[in-house]
Amino acid sequence: MDLVWELLIILLKIVVVVLLFAFPIGSLMTLLGDRKQSSLIQNRIGPNRARLPGINHPLVGIPHFLADGLKMIFKEDIIPRQANRFWHTLAPAISLFPAIALWAVIPFSDHYCTGTATMVDYRDVCVDGAFYNLFSISNLEAGLLYVFAISAVSVYGAAIAGWASNSKFSLLGGLRSSAQMISYEVTMGLSLAGILIIYGTLNLNEMVVVQGQLLWDWLPMWGIVVQPLAFFLFLAAMMAETKRAPFDVPEGESEIVAGYFTEFSSMKFAVIQLSEYVATVFVGSLVSTVFLGGWQVPWLYGDGFYFGNTDEPSIPLPYWLVIVLRVGSFSIKTLFILWLQFMLRWTLPRFRYDQIMTLGWKILLPLSLANLVITAFVVLVLL
Amino acid sequence: MGAETIFFFLFGGGAILSTLGVLLSRNPINSAISLVVSFFFLAGIYAMLSAHLNAIMQIMVYAGAIMVLFVFVLMLLNFGDEEHEKPRLNPTQIISLLVGAALLIAMFSAATAFVDGSRQVFHPSMPPGFGGVEAIGHALLTSYVLPFEMAAVLLLVGIVGAVVVAKRRF
Amino acid sequence: MKDNLSPLSPIDFDHMSSEDVMVLNMGPSHPAMHGTVRMVLTLDGETVVKCDAEIGYLHRGFEKQCENATWTQVFPYTDRLNYVSPLLNNFGYALAVEKLLEIEVPDRCNYVRTILGEVSRLSDHFTCVGAGALELGAMSAFLYAIEARELLWDLVEEVTGARLTVTYARVGGLKDDLTEDFPERWAAVEPRLHSTIDRLDRMMTKNRVFMDRMQGTGVISPEDAINYGFTGPVLRSTGVAYDVRKDHPYFAYDRVDFDVPVGTTGDNFDRYLVRVEEMRQSIRIINQALRDLPDGPVSVDDPRIMLPEKEAVYNTIESMIAHFKIIFEGVQVPAGEVYSFTEAGNGELGFYIVSNGTGKPWKLRVRPPCLYLMGGIDRMVEGGMVADIIPTFDTINMIGGEIDR
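Chains as they are written, first to last, in my numbering: chain X, 1 to 383; chain V, 1 to 170; chain G, 1 to 405.
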């Protein structure tokens, strides 16, 4: 029976993370991030026409996003005659798969302590009980490598979509996206190597736990504090990975129409869009996990706030409130990074294809290598 | 039948089917993607053998890097379906078929000789952290440091060689 | 020089098999090819080897239509030439007919034409600069520019009654005087224009991404530009300070003080900078013209040319006859031919008119500035990348209505 329970809990976690967190935020971002926030930047009102039946209020445009979904479902699905029907149909699914699979290792809060949680040396410890993984789908030891592996696979969606459409614009888009994603994967991995040296773990939850340590007894050891350069390198590389502006040349709508999804319509188009937004939300969650302390709230540990390495919490809090605060903190950090990405998108023009390559190989890659070498030296000297 | 057996047949069957897809499909892109799929199934089997790192590396290196380049090149060249050619058996092919079949039978019987259904995949004597990042990293940089470094040098030679070949104008 | 100008730029076919290049058909239905134009690109990877621009998708027979309309009835057609700055086309055509008639319009008319012409030029440049930003992915900058253009179009609408189909000029004058509150309205709009221009400047001119996209792309040398017949901001960006307003003054341009900005390299960035600076100069011109605006009528006092007042038409037989003659027969323009040119948003807008002494033009030929710019676009984009076509095509600011007539 234990196995059944375990499977049920995992299924429940998948449902909660994917259907209640990633998808809603991802698709809400199409509305609030892309349409409402852009309208704020551009002195417009933004979507405000659609109404829910019975409610005579625009509700910041949320009915629009429901209406859009409905519209997408009823649109005609067009497959170009010369296209490869099989791969053309499968391509949206291929691009959605990694976007969802990535969420498997993101910790939303610390492991659940079945006994009494308290703090020793700025780490949660569990007295009279054990930690039980409730807040991430899988507590994989090589969690970060898993993220790299899956995001490496996400190239296929765009590449196959571009190839299967049998359109020159799509093909150009597919080629651009493959080249761009392969190039930025290198920076993505190298910029995190410094973090690995400092935290000494690949497990994302463990990484967040380590970020609860305090420097000089007051400064949380968040990734952005110990590796500020890597933060920017990684954010840039991740934005390029997810093809967000200003790195959106694969879908640069002015020159190659819509890039690799030019020939997609109806729900297929919606799924490609959605997978991109889900991946964008994932960038937010990963960056906040690695660099912004994930679910950590500064100075908050298992049973309350500690100001200083004391035995008793300065402000005691019940364990459930700690969990709520942690999940909330993680969500807010994720949304902040998302907001940052949308601000960049709506204020910067797009790079040219070769300029993206130059930036990736000649600027970001040497910088991340230098960052790695310097970090290694510092760690060697200090520890 | 435990969950492990179910997953084993799921992954194993998937791997066999997708590998057959690689061999039998006429369209090179189909073959390439089938190979990627079979890598995923193999990774699943690795993961069941407690070799998580291997599983992840399999996806990251083979599916995520090498096959992407294959697909990239195939897309660029845009091959059509292969020419249909009447398969004609000549003596060499017959001999190779026979040898191949014999090898397959030998491997299969060797494999079945070692596996009796009673043995658990998760052997109780396995040390904690087996197959994990730390264990493999430790092994690579202590007991196997020489082969590890040799492989690294070999790869470097490969890279330099590729650059030299590519740079040469002809 | 002659070799350089060969319209078919040589392709090194010996070192290129048919598999190396890809022919990409960009347009006529393509998001970047606004104004409906088609470009057949020969690509080597993403490098443009050959660019074949094809126009004519918006052809409406403007010149032929004009031969069947009276001199006054041509004005609505000119609105549709450069539809971003219709007033400039109106005034350009009016000036041409007036030259043929050998009449002088009242001074106030000249000033009003100067003012509204510059308002139109502002809207033209705002559209061009904004659309350029949009196509490089900076949609916010585009909407700021469009907001400023709305302010200008509100001004135009207040005076002419329409935003685009203005038909404001008449042979020998204007349809109507400026509205009384125009100076106040302009005073209210002017600071917002300044702030928008400054904001665009801040967002784009020193933006590294924008500079990378614009600098060194779509370059043309001054010699080539002159040989191709380039005019306007594109010519000035190469360093040739030719501006019809300065070199062949008309309206009130010789009585206002303004600078002609020139570029140095002739690339997209220079064209953008020239346009931004011209917007500032236009505001300067409008301010001076409004300050010096003389009183008086806005149309010539000649019953053979201008329609009489409606009041007079209904009450006096002379006016009734004059009205009838002008409406049915048109203004009688003496036989002869004239080439008159003004500075429109994109450069020299010329009207070559032949009259046979009747109420309709015998031949009316337009020299649209874009046509010559499009003629040379292949020289600007070949050797660059596909993505460079976008800013180049935009800074040229091809207007379909004007180029295809």
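There's no promise every hint is true.
As the list claims (entries may be wrong) - Covered by chain X, per the in silico footprint, the following chain V stretches (three or more residues, Cβ under 8 Å):
#1 11 to 21
#2 90 to 96
Unchecked claim - Computed list of chain X residues with no C-beta within reach of chain V, every gap over 10 Å:
#3 L3
#4 L7
#5 N43
#6 N56
#7 I62
#8 V153
#9 V155
#10 G162
#11 W163
#12 E185
#13 A258
#14 P313
#15 S329
#16 T347
Worth flagging that the hints you see were computed from the coordinates, not collected in a lab. Ideal Cβ placement from N, Cα and C applies to all residues, glycine included.
Structure-based check of all given hints:
1. 11 to 21: violated (count 0)
2. 90 to 96: violated (count 0)
3. L3: At about 6 Å from chain V, L3 of chain X fails to clear the 10 Å cut-off, so the statement is violated.
4. L7: At roughly 8 Å from the nearest Cβ of chain V, L7 of chain X sits no farther out than 10 Å, so the non-interface label is violated.
5. N43: About 43 Å separates N43 of chain X from the closest Cβ of chain V, which puts it past 10 Å; holds.
6. N56: 51 Å, holds
7. I62: Its Cβ never comes within 10 Å of chain V, the nearest being 37 Å, so this holds.
8. V153: 5 Å, violated
9. V155: 5 Å, violated
10. G162: 7 Å, violated
11. W163: 4 Å, violated
12. E185: E185 of chain X not clear of chain V: closest Cβ-Cβ about 8 Å, inside 10 Å.
13. A258: 18 Å, holds
14. P313: P313 of chain X clear of chain V: closest Cβ-Cβ about 33 Å, beyond 10 Å.
15. S329: It holds; S329 of chain X is separated from chain V by about 28 Å at its closest Cβ, greater than 10 Å.
16. T347: T347 of chain X clear of chain V: closest Cβ-Cβ about 32 Å, beyond 10 Å.
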